[in-house]
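Chains as they are written, first to last, in our numbering: chain A, 1 to 240; chain B, 1001 to 1222; chain C, 2001 to 2469.
The set of hints was computed from the structure by calculation and includes no laboratory data.
Keep in mind that this is a model prediction, so the values were computed, not measured.
Positions of the beta carbon are idealized from the N, C-alpha and C atoms, including for glycine.
Check each hint, because a few of them may be wrong.
[Said to hold, decoys possible] Straight-line distance between alpha carbons at most 25 Å, and here's what the computed BS3-like set of lysine-lysine pairs gives:
| id | chain 1 | residue 1 | chain 2 | residue 2 |
| --- | --- | --- | --- | --- |
| 1 | C | Lys2466 | A | Lys180 |
| 2 | A | Lys120 | A | Lys147 |
| 3 | A | Lys2 | C | Lys2009 |
| 4 | C | Lys2026 | C | Lys2009 |
| 5 | C | Lys2026 | A | Lys107 |
| 6 | C | Lys2391 | A | Lys180 |
[As the list claims (entries may be wrong)] Which chain C residues stay away from chain B? Per the calculated CB distances, all over 12 Å, these:
| id | residue |
| --- | --- |
| 7 | Val2003 |
| 8 | Ala2024 |
| 9 | Thr2130 |
| 10 | Leu2392 |
| 11 | Lys2437 |
Okay, here's what each chain looks like letter by letter:
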Amino acid sequence: MKVGLFVTCLVDLVRPGIGFATIRLLEAAGCEVVVPEGQTCCGQPGYNSGAREASIALARKVLREFRDCDYVVAPSGSCSGQVKVHYVEDLFRDAPDRAEFVALAAKWHELSDFLVNVLKVTTVPACIAGNVTYHDSCAGLRELGVKAQPRALLAMAGASLTEMPDCEKCCGFGGTFSVKLGEISTRMAANKCEGIHASGAGIVAGGDLGCLLNIEGRLRREGDHATRVAHFAELLAGEG
Amino acid sequence: MASPMGSREKILGRIRAAQGRAGAEPTPAELAQVRDQIASRERGPLPSIAAPADPIAHFKAECARLGTTFADVDSMDAVPGEVKRYLDSGALEAAIVAWPAFAGLDWAGAGIACEFRPAHGDDRTGLTGCFCAIVETGTLLLLSAPEEPKVNALLPETHVAVLRRERLVSTMEAAFALLRTERGELPRATYFVSGPSRTADIEQTIVIGAHGPYRVHVVLVP
Amino acid sequence: MEVRSMFFKQSASMKLDDPVLQAAMKRAKGKFVDGRAKAVADVDAWEAIRAHAARLRDRTIANLDAYLVEFERNAVRRGAQVHWADSAEEACAILVKIAADNGVRTVTKSKSMVSEEVNLNERLEAAGVTVVETDLGEYILQLAKEPPSHIVAPAVHKSKEQVADLFVAAHGKPRLTDIPAMTAEARSELRRHFLGADMGISGANFVIAETGTTLTVTNEGNADLVTTIPRIHCVITGIEKVIPTLEDFATLIRLLPRSATGQSIANYLTLTTGVKAPGETDGPEQMHIVLVDAGRTRLVGSDMQEMLRCIRCGACMNHCPVYQNVGGHAYGWVYPGPMGSILTPAYVGLENAGDLPNASTFCGECAVVCPVQIPLPDLMRKLREQQFDRKLRPFGERFGIAAWSFAARRPALYSALTRIAARVASWLGGRDKLIHKLPGLDGWTQGRDVPAPSGKTFRELYRQAKGKR
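Please take these sequences and the hints and turn them into a complete structure.
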């Protein structure tokens, strides 16, 4: 079973470790992982900024690059939502080759959903010590229904999960929003950090690097250098 | 009805043009289609709370949630006595304005000064009947009529409503169906009342008794 | 209402630092969000009712002209006069004329957002008519000379201390700080206006085609006093408020109060059909219904058409994390929050309200709670597309997106650029691995650090690792 890894632009640029952790998790579950060479971006930043033509072009590029995979897995709810929801229901809704995008969407999975609902794993490589609280990234939650899956995986790793108040509330990242309306974004991040501190957990996990960078950036600016901020893939795969 | 600047035609024309239809008036066929759709009286989905196992208990529970108080009496003759009891329990003056329909009851005997007229701004308690009541939400339905002034339920601080048990219906849909059957058309005012008036406009703190009554008391008769 | 949406960013900035507003928004969020959740939990058919409501609104809009004509026919048959107002100015002119023709000196008014759109109060006052707002929140704002900041709870931004000060100045009575006492004082002040008004102006939550009925949904009872006591009743409402039948109202009223305030039903649902009947003591002698367009027909048949489903519940703004943090005034016009981000550009022009559709992370919560399933984030995105096509965004933004898209389509170039960026950013992060300031990213770095990249890109590391095997 050939699983294509869509590493995402943020992971590629900022935290490659998440990509390698993803590969470790998939291989531990018995997958053959391929990483299509020229991949760059799913097109969401341009799409959400109103640059429709550019995002259509990038989507066609993604389709070409991942055509030969049986599955495509991404450690990101927002990229996965872009492909599974926005490609099909908006960008290519009236396109002659819509069926190809429907097929791409069907074989595309956000990582935790793939592990839990497709591979049906019951173990994960690492053990997690300490309290973990989970931030539900918006696209994963509301577009794809990712909620129970990462929690189930963290439990398999032995993590003790404490929910923060308003775990489903937007952290304020929103892509370019975080820069365009930075003051509001910062306040939303600060609200999220308040929730994290209220949970008492030493680790905050999530499934989208954009959110995690936003949260970590605010924690550190507030003087909190202790709370660990990690993608669940990093926690579940352990040090590799 | 044409307006001086032809705005009606402009507005209708723009709507039609935006939807690929010519002209500035709906065609007879389009109007007929709309009338057919209206006549179908299609209902939306009903939740389970629209069909409770014990309607009276559900109605009482909804009244309680709204702050409407409730009393059960054996007959219409017992109503004045219950109203006196209610007024005394709240240290309220034993003087009311009521709909003329209740003139035949023994108010004097119960110790209540009762006038049968529309309420004025300084009347403290108003007594009305109601057309029906809705179980799902604890709501009273009052219809305007010459001898049934709505102001009696609205201006005074206290509203007492006499409700006949057989006039309890399950839902608003059922209330509209009953209204159509018994009256044909809606009267000028169709007035659904659910509890005493309230506002939360200052710091989102709920205060009972905004412009309408502070108190609503339902007397259920067989 | 004057348009100030072009100052959204600055206004939002001030609101973030306004302690009274922040306390008010915190209070409101708990009430509205928790209230709605509890109320919705009682309704097991909630999603089915939402879907039905969305369809019935769409069906009505698809035949909007015919439903409006049918409404007009029935309203006129029952004794009302129906007026059509193309523009905001015309809506005001119609009502000013009705007042003048009938020697009206005082008007009591129940809440109408359309009247805010068209500046009705100002126009009536200029014509020598005294207008008294009777919804407690609107009354407070009238005293404060401020616009509403929420469509259901217009004075949500005010503290009780601020209200107490307003009442002292207006009523001349000793200052109160107890909320029930303040409400009682407002009640008695307004009572004499209710009873003495020549004309009552109300909005309409819906108008019903089947019966020619206009209706209000309130908790205070003010709309009923406004529409029953004066000899003339005028309704001002948008053309999109028409619904086909009484049954449709029964469906929508299961959704509206729960979505708005968490109530299973609002205290007073008053359906008004025509004028005082012979022998009746209650009720107006004249009824005028003003159907207002003022930009609504532009939405028909457009990308934004779904916005016309809106039943004005306020759930979207109550649940929007951006609105929760900045309040309604920052949006600069009548409608705040997600629905305001769509209606404001639609009605006052995208060039005047450009930041509004950008004031969203597309978290999607508004779409989840909208009782008529309006895809609010998708509509905001379409407005962003319009801005992009019309080159309305700042050059820096447009260039950034263009450069990104250009590079992302060229893997070799992208790879080279990202390798450089990863190294530079990693170096900037220093030992802390945190970047405190980045040119061009001030919006981020004013309040947050940037966790530094690890220094090499995934693609180059993967290629290296593959090479070793």
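Hints and how they fare:
1. A threshold of 25 Å between alpha carbons decides the hint, and for lysine 2466/C with lysine 180/A the separation of about 39 Å lies outside it, so the pair is violated.
2. At roughly 16 Å between alpha-carbon atoms, lysine 120/A and lysine 147/A fall within 25 Å of each other, so this suggested pair holds.
3. Distance hint between lysine 2/A and lysine 2009/C is unfulfilled; the C-alpha atoms sit about 48 Å from each other, more than 25 Å.
4. Between lysine 2026/C and lysine 2009/C the CA atoms are separated by roughly 21 Å; this keeps the pair inside 25 Å, and the hint holds.
5. Of the pairs offered as hints, the one joining lysine 2026/C and lysine 107/A is violated, with about 43 Å between alpha carbons and a cut-off of 25 Å exceeded.
6. With a C-alpha separation of about 16 Å, the suggested pair lysine 2391/C and lysine 180/A falls inside the 25 Å cut-off, and the hint holds.
7. Here valine 2003/C stays apart from chain B, with its beta-carbon at least about 23 Å from theirs, past the 12 Å limit.
8. The claim that alanine 2024/C is not at the interface with chain B is violated, since a C-beta of that chain comes within 12 Å of its own (minimum 7 Å).
9. No beta-carbon of chain B comes within 12 Å of the beta-carbon of threonine 2130/C; the shortest separation is about 19 Å.
10. Even its closest Cβ contact with chain B, about 23 Å, leaves leucine 2392/C beyond 12 Å, as expected for a residue assigned away from the interface.
11. With a cut of 12 Å on Cβ distances, lysine 2437/C stays outside the contact zone with chain B, its closest approach being about 40 Å.
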